[in-house]
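J.: From first to last, the protein sequence lines stand for chains X and Y. Positions 1 to 411 (my numbering) are the ones given, in order, by the first sequence. Positions 1 to 171 (my numbering) are the ones given, in order, by the second sequence.
Source of the hints: derived by calculation from the structure; they are not laboratory data. Remember, predicted model here, so these are calculated numbers, not experimental data. Each statement offered as a hint is correct.
Here are the simulated DSS-like cross-link-like pairs (lysine-lysine), alpha carbons at most 25 Å apart as the crow flies: (1) Y:Lys138 to X:Lys348; (2) X:Lys340 to Y:Lys47; (3) Y:Lys137 to X:Lys348; (4) X:Lys325 to Y:Lys109; (5) Y:Lys109 to X:Lys360; (6) X:Lys361 to X:Lys114; (7) Y:Lys137 to X:Lys325; (8) X:Lys325 to Y:Lys150.
Single-letter residue listing:
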Amino acid sequence: MKLSKVQISTVFIYLAVVGFLLSGRDRLEAQESTFPFTDAFTDPGVWDRPDFIAAWHPRKAAAKITHKTWPNAPVIFGRRPHYLSGHFINDRLESITVLFLDSGTHFGYVSRDKVAVTEKMNRKKFQALHADTAEKVLAGLEKLTGSRGRPATLGLTPMLKQETLLFTSGKLTARYFSIPEQLVKVTFYRDEKKASSFLMDPSLVDQKRRDRIKQFSQNMHESNNGDRLLDNIPLFPQGDRAYCGVSALSMSMQYLGLNLDTEDYAAAAGIRYGSTKGSKIREVYEAAGREADMRLSRSTKFDFRKVKTVLDAGLPVIVWRRWAKERDYVHTTFAARFAKDPSVVLPKADMNDRATWPDKKAYSHASVITGYNAKRGEVIFTESWGEEARNRRMRFEEMEGTVYYTFYPKL
Amino acid sequence: MKKIEMPLLLGLVLALSVLNLQAIPNRIGGFVNPAGMRFENFAGQAKVWKANAKLPGKWEDWKDPGIQDSGILIYRLGLSADVFGIRASQVTVQIKDDKILKFNVVFDKNSVRSASLIDQLATNIQSFTGDSGGKDKKSFVHEKVNIQLKDGEDGSVVVTFSPKAAAVVVR
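This is chain Y alone, in the form it adopts within the complex:
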């Protein structure tokens, strides 16, 4: 009798604790504060891709061993940023001749709780842009930018923003 009752009791206790209302955090911070908008809205603006565009927030010098061109300056965002509703682990920008070439946004594999990271990003980018993302659901167009989705290292995913006129190949 005890063998049946204990699991039932434990199950009931667990169910009741799970069915309570935990509530959600309701905070806004990071890149949104200095920019006054979400990162993807910022990157979608035409003025961002013109010469001498200003980058809001804190950006620090960064090195990328994969970039050989010494004329390309790389900076990393020194603030947290949610991009397409998901916390990015790294946001970098590449600048040449005072013009932004692209933004690379990296998402760690554990940055979403439930779904697969790449599926969640594809869904959210589609929702933001209204673009279905082509056959592979990985290449989106939004106003003045191309947005490309690619598997990164160790289960991460990289989203690249580049100007619409000159799409770049994602490394």
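So that you can see chain X by itself, here it is in the shape it has in the complex:
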């Protein structure tokens, strides 16, 4: 039986109306059958159930640390969150974050020339939305846990310090965090120790420096073709948000043991109303280094020799560079060709090629350097766009010619 376009439209309208007519409670119950709402937020036993673990996307982890999302995030505490994210380490679910409100996600990417208008038109409405979301989430947490939470100050640096509320939620611990006009999020942890720390593994707080150095250096591996590549850099897609700088930071810092999310850095840096205008991303980089008990030193040059040394020590390097869509095309298509035929080479950095590199008029963009191939003269870098943008290649001369900041971690 074939349905006409009118009939198909009628069916969709009918379904939409039926869905709308369901009460809030009915909607919650309908979604509870897919996401085990109460159990998942109180019982760690659920977190180890194979069917529960298999429901997160993507199913296969590409790195040791992987953030997976629950498809079609359900209404939680009366609000539909931006996303529901499961943080897995070695395929074990370690925490679940419910991102109820995030300025960057709410507004998407807003160009610098439009941010003032965007703020002017939306400020009051967004402030009200933030206040309402925070109130509903807190009420929901109080109802779920039967308590009003206990204050806990996390972090060492003024920039990243968080005034949070911790709730005992069954056998789990929930951490509530909010910044007006920026963020409302709740993260559920297996234990209070992890909920009370920014460190991925709080038991390592007293780890000796030489043990840390040894541990990271073991992550550098060489392939037969001469690629020297860091294993296990997590990839957190920035989405349609002006978050390349903070995504690159969270990817690198989670690898280095600091358990803060992209949205935490964005809020701390003040990326507001969809734009980085006036934000303090560089300062957040420095603060993140201090939180992780290391230095994140900044240079205005890309020194390939130094980059190789840092990578060989198992540490990723972040670059801020000039970026143009038309030049990015070369790296995108080259990655696709290289995947099919590893003998292909990038164009030589001659005068003609240099003429097509982005200059100071181009956009700025952040990438994570994850490896290199000295024989081929290539830098291997990863973008916060998705797994397809992992381990791309660029000639080191182009990286040198387009980078304006290089951030080197030092333990």
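For this one, chain X is given, so just place chain Y on it according to the hints.
T.: Showing chain Y alone in chain X's frame:
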């Protein structure tokens, strides 16, 4: 003293503002959505050049005063399209006897921020095809299509896709 300090101060302020991180837009749209692939990938498929091939997206009737053959139908793409990584200002298709003869893609002279438009296109087509483009770096072969690069009017550049078996001369 003031004469030295002010330019220095202004320079510092400018440098700091330039060295901030602006971030890039991260959006996909236009032709990619209905086609499920980039335009150049679409045009590279053998099936596109067979009779009655479907054109994804919105195409509208178009006239080209240079085409005298009344049997040739011309349509213009009514969606935005990035072709070889650069926003095209116009994409047209010529069809005769239900078969596509060629696609003409026009790029305005200001469609790239830095490099010369024709150099950027040559680099990007080379990167896409793996073909060096011959001596003049303007004639490329990719799977089932020839891709030719030519200067257009007012600093624009025209890229023509035509079936490999029957290369056409770019007008």
